[in-house]
Each structure stands twice: as structure tokens, then as C-alpha cells.
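From just these sequences and the hints, can you work out the full model?
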Amino acid sequence: MTGNDNASSRPTVADGAPSAAITVDRLVKVYKQTRAVDDISFSLARGSITGLLGGNGAGKTTTIAMIMGLVLPTSGRVRVLGHAMPEESAEVLGRMNFESPYVDMPMRLTVRQNLTIFGKLYAVKNLSDRIAMLAEDLDLTDFIDRANGKLSAGQKTRVALAKALINQPELLLLDEPTASLDPDTADWVRAHLERYRKDNNATILLASHNMLEVERLCDRVIIMKRGRIEDDDTPDAIMTRYNRSTLEEVFLDVARGRVNGLREEAAR
Amino acid sequence: MSSLALHRGLSMQRIGAMILRYWYLLLSSWPRLLELLYWPALQVITWGFLQLYIAQNANFFARAGGTLIGAVILWDILFRGQLGFSISFLEEMWARNLGNLMMSPLKPIEFLLALMIMSLIRLAIGVIPMTLLALFLFQFNVYSLGLPLIAFFCNLIFTSWAVGIFVSGLVLRNGLGAESIVWTLMFGIMPLACVYYPVSVLPVWLQYVAWSLPPTYVFEGMRALLIEGTFRTDLMLHALAINACLLVASFGAFLALLRSARKHGSLLSAGE
Numbered sequence: 004m005t006g007n008d009n010a011s012s013r014p015t016v017a018d019g020a021p022s023a024a025i026t027v028d029r030l031v032k033v034y035k036q037t038r039a040v041d042d043i044s045f046s047l048a049r050g051s052i053t054g055l056l057g058g059n060g061a062g063k064t065t066t067i068a069m070i071m072g073l074v075l076p077t078s079g080r081v082r083v084l085g086h087a088m089p090e091e092s093a094e095v096l097g098r099m100n101f102e103s104p105y106v107d108m109p110m111r112l113t114v115r116q117n118l119t120i121f122g123k124l125y126a127v128k129n130l131s132d133r134i135a136m137l138a139e140d141l142d143l144t145d146f147i148d149r150a151n152g153k154l155s156a157g158q159k160t161r162v163a164l165a166k167a168l169i170n171q172p173e174l175l176l177l178d179e180p181t182a183s184l185d186p187d188t189a190d191w192v193r194a195h196l197e198r199y200r201k202d203n204n205a206t207i208l209l210a211s212h213n214m215l216e217v218e219r220l221c222d223r224v225i226i227m228k229r230g231r232i233e234d235d236d237t238p239d240a241i242m243t244r245y246n247r248s249t250l251e252e253v254f255l256d257v258a259r260g261r262v263n264g265l266r267e268e269a270a271r
Numbered sequence: 002m003s004s005l006a007l008h009r010g011l012s013m014q015r016i017g018a019m020i021l022r023y024w025y026l027l028l029s030s031w032p033r034l035l036e037l038l039y040w041p042a043l044q045v046i047t048w049g050f051l052q053l054y055i056a057q058n059a060n061f062f063a064r065a066g067g068t069l070i071g072a073v074i075l076w077d078i079l080f081r082g083q084l085g086f087s088i089s090f091l092e093e094m095w096a097r098n099l100g101n102l103m104m105s106p107l108k109p110i111e112f113l114l115a116l117m118i119m120s121l122i123r124l125a126i127g128v129i130p131m132t133l134l135a136l137f138l139f140q141f142n143v144y145s146l147g148l149p150l151i152a153f154f155c156n157l158i159f160t161s162w163a164v165g166i167f168v169s170g171l172v173l174r175n176g177l178g179a180e181s182i183v184w185t186l187m188f189g190i191m192p193l194a195c196v197y198y199p200v201s202v203l204p205v206w207l208q209y210v211a212w213s214l215p216p217t218y219v220f221e222g223m224r225a226l227l228i229e230g231t232f233r234t235d236l237m238l239h240a241l242a243i244n245a246c247l248l249v250a251s252f253g254a255f256l257a258l259l260r261s262a263r264k265h266g267s268l269l270s271a272g273e
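Heads up: the sequence lines are chains L and Z, in that order. Residue 271 is where the first sequence ends in our numbering, and the numbering goes up by one at each step. Residue 273 is where the second sequence ends in our numbering, and the numbering goes up by one at each step.
Wrong hints could be hidden among the right ones.
[What the hints assert, rightly or not] In silico DMTMM-like links for lysine to aspartate or glutamate, alpha-carbon gap of 25 Å or less: (1) LYS159(L) x ASP145(L); (2) LYS159(L) x ASP148(L); (3) LYS264(Z) x ASP256(L); (4) LYS159(L) x GLU92(Z); (5) LYS128(L) x ASP142(L); (6) LYS264(Z) x ASP28(L); (7) LYS153(L) x GLU36(Z); (8) LYS264(Z) x GLU36(Z); (9) LYS264(Z) x GLU90(L); (10) LYS264(Z) x ASP41(L); (11) LYS264(Z) x GLU91(L); (12) LYS153(L) x GLU94(L); (13) LYS153(L) x GLU92(Z); (14) LYS264(Z) x ASP148(L); (15) LYS264(Z) x GLU94(L); (16) LYS201(L) x GLU173(L); (17) LYS264(Z) x GLU179(L).
Honestly, the hints are just simulated from the structure, not real lab data. For clarity, every value in this text was computed on a predicted model and none was experimentally measured.
See below:
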């Protein structure tokens, strides 16, 4: 089943919703000979948390980068918070934010200096209050005046999350938000994201390899493989369809091409 | 970073935030500050003593006192101005922070304006002590050039920004593999800009190339001032006109390279 077959034939959480936070329409990205993203379409409802799953090279990061406007699509359209990307990016960049393992915060600057600079870039009002609130929420207080380069991996992730939340974004794009974190810190970050979504009716799109994380956080899962959407539904519906009890098993089935037989078996 | 909304709402707060970012960085790193002072001081000392030696042995140079050391100082304004611009840009690549900036509401023009202001700050830190060294060691007072010095400075800094913008675009598009261009491109201009000798020394066909470069007018103007005591306004206006074209062209090239970087996915892997 191709991404479009699947995504367009079965109703999804947000299909056609006029208030969609993100609408991706027949998106294609070709790098020389490689089709990194191959004709995908989906739309995300405001206030939803969606997981983008897939193995390495599935096209998750490229998809997120095109949504952010960091990469131009070869064809297709992206609308974010009602605006075409990247043409109208100036209208939305202040209302969204992101965290990714592909970028760092400046290492020599302290946490407070970094947050101050990004707060100013995002024109955050009452910036010192906002930083104090984030420092308390994300437990940064003990090292807020320490250089970012001298923090542990877990502390850096929390700082990156604070940067991603500095402008109270309506839309949050996260690429592997808990990678390299110990289970306790990862769990703590997930709880914070859940709380943030609930308190702010924010939309979150996250790419992850952590299936437990996706099961816990997401009300919708989009599985990608070789640039196409392999499946798209709620975690429970996907597990039922594949006759599996965890998303990890589904992921392995998709990655190893054991898809059709399982679906037929589940259908019987 | 939106490349398509250049004309709307420049934000002084965002420009200020970027300057603050580089200022924090400078203050946090004494090697960075030392580097700003070290090379200009070394330059002026080396060339100052050379000029002293030549002046004691040649009538022409005795008469044209200060042309060498003046050229060294003005060349450093050009070279350090471009480096100040480009290094601030490279700091974002080295820190892998470019993605954060590109995804923020910061506009390309605001980013470039912040880099220009930082190049002035870095230049001031490096060149002001250099001019004081020239004054105390060699009794060459560059400030005695008076108002013409402002014309020289403005034209050189405009060229340095134009080159800095273009080179930053190249690094943005091609990654840190293109970093060496930042350090070397200006040296390619040096022989043609006739820093230490008049344009008439060049073969005629090469003189046309030399006169297409704004710094050539500045160095000719400086020699005219120091040797003949005349300030050539015409040379400065020519340089200004070419600089205006260069700045527009470099900004256009930067936007084109930014678009190309987005097309090729270079911003995702802003490393080598």
C-alpha cells in the first residue's frame, strides 16, 4: 500500500479540517537520483500530537524540514497554521518552534544568555519572567548561568526544549526529542510535552524511533518507509490492523516488509 | 528565516539580539579577543619597521612618508572588516546554530545587518590599538588624514561587507568545506587593488580590472593625499558607486545561494 493510497482512502483525524495546523499535499523531494519524500499527503488537526515513525532514511527529517521551510519541496504544497510555506513563512515562524538533534544551542553562551537571545528573536514579552517560568518548569535553575557546552546531555535537551517553548508556540516540531536521554529524564520530558499540549492546545509533530514514546504521547501515527506513507492512523488502530500488541512490533514488520500477510491475517 | 519578506518590518530588537549573541561570545572567549588584536599589531609593527628602513635609504619614500604604513592600516580595515563579518557568520556554522536562526523570525536582511555591525565592533577592537601603535612607534598618525579618512574607511568597509555577504552565501550553500574561501578570497583581490604600489605599475589590460575594484580607488586616493597632498573626491565617488553595485549584487547572490541551500537540503547538514 502506498502512502497516498493509504492516507487518502482512509479518513484520518484531521482530513479536510479547515483549522488544520499542518496540511501537506502531494509533497515530493528529490535529491539527484533519490526520492527522499515521495508524494505524501496528510493534515494535522490543531491540538493533536502526531508521531512520524520510520527507519533511517524513511524521509521523516526531510518531511519535517519541508514543513519548517528549511528545505524546498521539489513539488507539492505545505500549509502551516493557514499559511503557505515557505512563501508566507514570515507570518508563522514566530508562532511555531522546533527542536532537533541536527542543531545545537551556542556552547559558549550560558543557558540564560541563549534563552535571552532567542526570546528577543521571537519578540517574547516579559522575557525575564518567561525565562524564570521555563527555568522552573524544566528544572534549569541550578545551571541557568552555566555555559551550554558544560551541561550533560539531559540538561542540554531540557535547555533545547526551553528554547523550543520560549515563544509558547502553537505548533511544535520535534525531531527525536528524547534521543540520548536516560529513561527517567525521557519520561519527564514526555510528561512535560503532554502538559504543554493540554495547557496550550498546541499541535505537536514528532519524529521518533522510540515506539513507547509514540504510544504514550501520540493520538495519531504516520509510518513512513522509503519516502512514502506506509500507514496512518491512531496507535491502537494500527496495532489492531497489524495484529500486534506494540508499535515496536509493527515498526519491525514494516521495516522488514512483513506487512501484507499480517494485514490479511488481522483482517481474517 | 524568511527570504521572501525582506521589505516588511525590520526589527531592531532582532538585530540587537544577534549583536548581543556575538558580544556574549566575544566576552566569553579571551582567545577570540586576543586574535582580534594580535594580527593587526603584528602587521603594523612588521611593515612599520620596513618603512622606517626604506625611508632611511631612499629619497622617494622619505618624501612619501607613511604610504606603506598607511596602506597596511587601510588594508587591514578591508581585510579585518570582511573577516569580522564572515567569522561571526562562521560562528553559527561552527556552533550548529544556523538551523535555530533560520527557523526563527529573523530575516536575512536583519541577520546581515547584525553581521555588519559586528564587523565594525570587531574592527574597532583590532584596528584602533593598531593605529595607536603606529602613532607611538612610527609617529604615523592615521587620524591626521582627517575627513578623507572617513571616505577611505566607508569605501573599504562597504567592499568588505559585499565580499563578506557573498562568501557567507557560498559557505551557506556549500557547507564548511568552503570555509577556506573566507580566509583567502580577499588576498586574491590584494594584487589588483594596488595596496602597496600605484595602478600604473600594472600592465595596461590589468589596469582595467584594477579599476573595477573599489579598494583600488581608496589606495590611489591615499597615495595622492600623502604624496601630493590632494584629496581626490572623484576617486571616492567612483568607489562609492561601484560599492553600491557590489552590495546589491552580493545581497542578491546571498539570497540566491540561500534558496539553493534550501533546495539542496544544505541547511539540514550545515557542517562540512
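The hints, checked one at a time:
1. LYS159(L) x ASP145(L): It holds: about 13 Å lies between the C-alpha atoms, which stays within 25 Å.
2. LYS159(L) x ASP148(L): Since the Cα atoms of LYS159(L) and ASP148(L) sit roughly 13 Å apart, the hinted pair holds (cutoff 25 Å).
3. LYS264(Z) x ASP256(L): Given that 25 Å is the threshold and the Cα spacing comes to 33 Å, the pair is violated.
4. LYS159(L) x GLU92(Z): 19 Å, holds
5. LYS128(L) x ASP142(L): It holds: about 21 Å lies between the C-alpha atoms, which stays within 25 Å.
6. LYS264(Z) x ASP28(L): At roughly 18 Å apart (the allowed maximum being 25 Å), ASP28(L) and LYS264(Z) satisfy the hint.
7. LYS153(L) x GLU36(Z): 24 Å, holds
8. LYS264(Z) x GLU36(Z): 36 Å, violated
9. LYS264(Z) x GLU90(L): 14 Å, holds
10. LYS264(Z) x ASP41(L): 16 Å, holds
11. LYS264(Z) x GLU91(L): 17 Å, holds
12. LYS153(L) x GLU94(L): 36 Å, violated
13. LYS153(L) x GLU92(Z): 18 Å, holds
14. LYS264(Z) x ASP148(L): 38 Å, violated
15. LYS264(Z) x GLU94(L): Holds: LYS264(Z) and GLU94(L) sit about 21 Å apart, inside 25 Å.
16. LYS201(L) x GLU173(L): The hint holds at about 12 Å.
17. LYS264(Z) x GLU179(L): The given pair, whose Cα atoms are some 23 Å apart, holds under the 25 Å limit.
In this structure, the earlier hints numbered 3, 8, 12, 14 are contradicted, and the remaining ones agree with it.
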